[in-house]
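Student: One letter stands for each residue in the lines below.
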Amino acid sequence: MLSEIAFYGAVETGLIYGLVAFGIYLSFRVLDFPDLTVDGSFPLGAAVAAVLIMEGWNPWLATGSAVLAGMAAGAVTAILNVKLNILNLLASILTMIALYSVNLRVMGRPNIALLGEETVLTPWYSLDLAYHQVPVLLFSIVILISLILLWRFMKSETGLAMRATGANPRMARAQGIATGTMIILGVAVSNGMVGLAGALFAQSQGAADVTMGVGVIVIGLASLIGGEAVITPSTVVRALIACVVGAIIYRLAIAFALNADFLGLQAQDLNLITAVLVTLAIVLPGVRSSLVSKLTRKKA
Amino acid sequence: MITATDLRLTFGKGTPLENPALRGMSLTVNQGEFVTVIGSNGAGKSTFLNALAGETLVDSGTIVVDNVNVTKLPTHKRAGRVARVFQDPLAGTCEGLSIEENLALAIKRGQRRGLSTAVKKQYMEQFKESLSSLNLGLENRLGDKMGLLSGGQRQAVSLLMASLTPSAILLLDEHTAALDPKTAAFVLELTTKIIEDQKLTALMVTHSMKQALEVGTRTVMLHQGQVVFDIEGKDREGLEVKDLLELFEKQRGLSVDDDSLLLG
Ligand SMILES: Nc1ncnc2c1ncn2[C@@H]1O[C@H](COP(=O)(O)OP(=O)(O)OP(=O)(O)O)[C@@H](O)[C@H]1O
Ligand SMILES: [Mg+2]
Chain A
1 MLSEIAFYGA
11 VETGLIYGLV
21 AFGIYLSFRV
31 LDFPDLTVDG
41 SFPLGAAVAA
51 VLIMEGWNPW
61 LATGSAVLAG
71 MAAGAVTAIL
81 NVKLNILNLL
91 ASILTMIALY
101 SVNLRVMGRP
111 NIALLGEETV
121 LTPWYSLDLA
131 YHQVPVLLFS
141 IVILISLILL
151 WRFMKSETGL
161 AMRATGANPR
171 MARAQGIATG
181 TMIILGVAVS
191 NGMVGLAGAL
201 FAQSQGAADV
211 TMGVGVIVIG
221 LASLIGGEAV
231 ITPSTVVRAL
241 IACVVGAIIY
251 RLAIAFALNA
261 DFLGLQAQDL
271 NLITAVLVTL
281 AIVLPGVRSS
291 LVSKLTRKKA
Chain B
1 MITATDLRLT
11 FGKGTPLENP
21 ALRGMSLTVN
31 QGEFVTVIGS
41 NGAGKSTFLN
51 ALAGETLVDS
61 GTIVVDNVNV
71 TKLPTHKRAG
81 RVARVFQDPL
91 AGTCEGLSIE
101 ENLALAIKRG
111 QRRGLSTAVK
121 KQYMEQFKES
131 LSSLNLGLEN
141 RLGDKMGLLS
151 GGQRQAVSLL
161 MASLTPSAIL
171 LLDEHTAALD
181 PKTAAFVLEL
191 TTKIIEDQKL
201 TALMVTHSMK
211 QALEVGTRTV
221 MLHQGQVVFD
231 IEGKDREGLE
241 VKDLLELFEK
251 QRGLSVDDDS
261 LLLG
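Chains as they are written, first to last, in UniProt numbering: chain A, 1 to 300; chain B, 1 to 264.
Treat the hints as calculated values from the structure; they're not laboratory data.
A virtual CB, placed ideally from N, CA and C, is assigned to each residue, including glycine.
One or more hints might be untrue.
Short derived list, chain B residues pointing at chain A, Cβ under 7 angstroms [what the hints assert, rightly or not]:
1. Gly96
2. Gly110
3. Thr117
4. Lys121
Chain B on its own, in the form it takes in the complex (with noise of 0.2 angstroms):
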C-alpha cells in the first residue's frame, strides 16, 4: 500500500517563476489496485510520480509506501520498493550493456551489490523465460547490446526489468507515449498482462482518456496539483471520455481546454 498526504512542492520558491506543482495532493493506492491517472499538459502528473520515486523531494507532506516513510528518502533507497518505467524508452535501461547485464542490474533492485559475478548462471532460465513470454525472440539474444533494440523492444526489456524483482508500486509515466501506435499498443497490452499476472500495484499515467477507462481498476484526474477526481468499482464501468469531461466540469466548474486533453 502508498499512500501520500498533503503533498505540496513548488518550484522555483521565490523567484518570478515560482510554480506550484504539487498543491495538496493525496492519494491512497492499496494493494494490488492498477490506477490510470490523467491530467492536462503541467496538471503535476510527472512530478506526483518523480515526488513518488524519490526524484523531487515535496516541501511538505508525507508518503508512506508498505509502512515506511520514505518521505525524505532519495531514490536509490526506495528503489527496492518503487519500480518504474520511464517515457523515453531510452531512459530505462543501459545501451551499452548487454540486455543479460541490463537484467541482471534489475534484479538486484534495491538490494546490496558485492563483487560477485553479476550476471549469474542462475538467472539465465528465468531471464530466457520472461524475454520469450515477449515473443521478440530476445531470448536468443541475451548477450546483444541493448542499443542495438528498437525503442519498442526496449520499452518492453524495461517494463520486464521494473517487474524482475517484487515492488510495493510500479510507476509507469506515459510510457508508451513516444512509441509508434502498434509498438504502443503491444507495450500496453504487455503492462496489463504483467500486471495482472503478477497482482502488481501500479499507477499509469496516461494522456488518452479511451486509455484510463479501459484498462486498469481505478481511475484518477488531476489538476493544478491535485486530485479532482477518483473513481473505481461500479461509477467506473461504462463510462465514456464525455462522461469524464462532464464530471470533470461539474468538478471544477470550468471547462477542460481540450487541446491539453487528449481524447484518443
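Chain A on its own, in the form it takes in the complex (with noise of 0.2 angstroms):
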C-alpha cells in the first residue's frame, strides 16, 4: 500500500496534471488541433514563475505570468499554423523546440531551486494541516476554479463559437466565425492552462528545469483517455471533470505501480510505462472516445 504522504503526493501531481488535461482537451478536443507545444509551455511556465520568484516578485503575480508565457507560446503555434498555414502538429513541434531555447535563456540556466522563497504555498502552511496535505489543499481550489471559468467560458457565445470552429470549421465561417481567431485564442487558452500547471508544479517541487517538460503531452493525454474512459464526457462539465479524475487516477496508479517492489520498477521508467498506457488506451476496445478514433484515423 501507498503511504500517506505518497497518497497525497500523488493527488498533488494529479491536480497539476488536470490542468494540463484541460489544455489538451482545449486543443486535441474541442479545436481538433494536435498541439505538442505543452512540452514546452508547461517548463515555460516553471521558468517564468520561479526567476520571477528569485527577483522577489508576487509569487501569484510571477504564477499570472506565467499564464501570459504559456497563451504566447500557444499562440505562436497557432500563428505558424492559421496565418502561415503550417500544419498544426509540425507548427506545435517547431514552438515546442524554440522553446527549449527560450527556456534556458529565461533562466540563464538549466535549472533554479526555490527552497526557502515565498511560493504561493507558503501563507497556507499556517494553516492547521498535516504539510503534504496543504498543496492538495490549495491546488483542489486552484483547478475548482479553473474549471468553473472554463466551463463558463465554453457556454458563452465566444466559447461555443470555439467549439463549433473544431467541429465544423465550414459551418462556423458560414455563421459568421473567424475561425483562425478562434484557433488562437484557443490555443493560446490552452496553453496558459498549462504554463499555470508549469509554474505550480515547480513551486511544489521547489524546483524549475529545462528538461521537466519532456512527456507532458503524453501524461495529459493519458490523463484525458482514461478521465473519458471513467466519465463519458457527454457534456462540457463532464468532460472537465473526467480530465481532473483521469489526472489523478493515473497518477496513483504510476504510484501503486512504482510502490509496487515485485514490479521492480523506478522512477526513471515512468515515461515508457505511460507511454504504453497510452497505447493501451487506445487500442483497448471500450474505452473508445471520439479523440481515440479521430487518433486512429489518421493512421488510416
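Both chains come to you apart, so use the hints to assemble them.
Tutor: In C-alpha cells, the structure reads:
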C-alpha cells in the first residue's frame, strides 16, 4: 500500500496534471488541433514563475505571468498554423523545440532551486494541516476555479463559436465565426493552462528544470483518455471533470506501480509506462472515445 | 439586392489542369426574388454560390450585396448578409452540439460574439416556435445532440438556422439532393414556405428542371461558367421541361447532354 505521504503526493501532482489535461482537452478535443507545444509551455511556465519569484515578485503575480507566457507560446503555434499555413502538428513541434532555447534563456541556467523562497503555498502552511495536505488543498481550489471558468467560457457565445470551429469549420465560417481567430485564442488559452500547471509544479517541487517538460503531452493525453474511459464526456462539464479524475487516477496508478516492489519499476521508467498505458488506452476496446477514434483514423 | 458582375475564376491556373469555372458570370437578384438555378454537371453552379458566400474568391469581377462591395471579403465577414444551406445534411450543423446550441450559433450569425451565455432563456420561445413549425416534434428535444437527428431533420434545422436572422440572400445548393424522395419533398416544401412567409431573397440550385420551373419566381440556367438564359414572369408561366431544353439548344446552338441534366 501507499503511504499517506505518497498518496497525497500523487493527488497533488494529479491536480497539477488536471490543468494540463484541461489544456489538452481544449486543443485536441474542442479545436481538433493536435498540439505538442505543451512539452515546452509547461517548463516555460515553471521557468517564468521561478525566475520572477527569485526576483522577489509576489508569487501569484509570478504565476500569472507564467500563464501569460504559456498563452504567448500557444499563440505562436496557432499563428504558424493559421497565418503561415504550417501543418498544426508541425507548427507545435517547431514552437516546442524553440521553447527549449527560450526556457534556457529565461532561466539563464538549466535549473533553478526555489528552496526557502516565498511561493503561493507559503501562507497556506500556517493552516492547521499536515505539511503534505497543504498543496492538495490549494491546488484543489485552483483547479476548481479553473474548471468553473473554463466551463462558463465554453458555454458563452465565444466558447460556443470555438467549439463549432473545431467540430465543423465550414459551418462555423458560414455562421460568421472567424475560425482562425478562434484557433489562436483557443490554443493560447490551452497553453496558458499548461503554463499555470508548470508554475504550480515548480513551486510545489521547489525547483524549475528545462527538462521537466519531457513527456508532459503524453501524461496529459493519458489523463484525458483515462478520464474519458471513467466518465463519458457527454457534456462540457463532464469532460472537464473527466480530465481531473483521469489525471489523479493516472498519478495514483503510477504511484502504486512504482511502490509495488515485485514489479521492480523505478522512477525513470515512468515515460515508458505512460507510453504503454496510452497505447493500451487507444487500442483496448471499450475506451474508444471519439478522440481515440480520431487518433487512429489519421493513420488509416 | 445582390449584383454579380463579370465574375471570372479559373481553377489550377497555369497548370495542365487549368479549368475556367466562371467565365464572365453576371447576375442581379432583386429583393424578394426566388431564383432557381439549373445547369449540367460542372456548369459552375456550386462555384458561383461559393463565390457569393466567400468560400472561393474570384479572380476578377465584383460582387455587391445590399450596396456593399464584398468581392474581397472572406466568408465570415459576409455571413451577416449571406445565409446558406449546404448539400450535405451533415455540413450545416454541428453534430456534437445540441439543437439549442446550434440554433444559438445561428441566431448570432454575422454578429459579434461576447462572453455572455450562448443559449439564452429569451431565445427559447423563438426556438420552440420555429421548431414546432417543422412538425417534427423537435421543440421538445432542444437539449438533444444534433447527431441524433436524421439527415432530413438536420437539413430542416439547417434551413431554420439560415432563416433565423435576416440576410440579403439565402443560398441553397442542391440542399435536397442527399435526401430520400419523400424527405426531399418535405424539405422543399418547407423551403418554399419559409421563403414565402419571410419574403426572403433566395438562390436555389437544383438538378431537377421540373422543380426549377415549379418553385420560385425566376429560373436561370448556367453553362460553362455563364448565364445562358434567364426567364421570369409571363415567359416562365406554363413553361415545361421540353421548352427549357429547346430554349437552351436555340440559345447555344448545341444539344444538351441528357445524362447530365436530370429531367426529374
Ligand atoms: N476546388 C476546385 N478545384 C479545381 N476545380 C474545381 C474546384 N471546384 C470546382 N472545380 C471545377 O469547376 C467546374 C465547375 O464546378 P462546379 O462544382 O461549380 O459545378 P456545378 O455546376 O456545381 O456541378 P454539379 O452539378 O456537378 O454540382 C468543374 O469543372 C469542376 O471540376
Ligand atoms: Mg454543384
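Student: With 7 angstroms as the cut and Cβ atoms as the points, is B/Lys121 at the interface with chain A?
Tutor: violated (13 angstroms)
Student: Interface hint check: B/Thr117, Cβ to nearest Cβ on chain A, cutoff 7 angstroms. Holds or violated?
Tutor: Constraint on B/Thr117 satisfied, holds at 6 angstroms.
Student: Is the interface hint satisfied for B/Gly110? The criterion is a beta-carbon contact with chain A at less than 7 angstroms.
Tutor: holds (4 angstroms)
Student: Under 7 angstroms is the threshold here; is the Cβ of B/Gly96 close enough to any Cβ of chain A for the hint to stand?
Tutor: holds (5 angstroms)
In summary, the structure is inconsistent with hint 4 from the numbered list given earlier, while agreeing with all the others.
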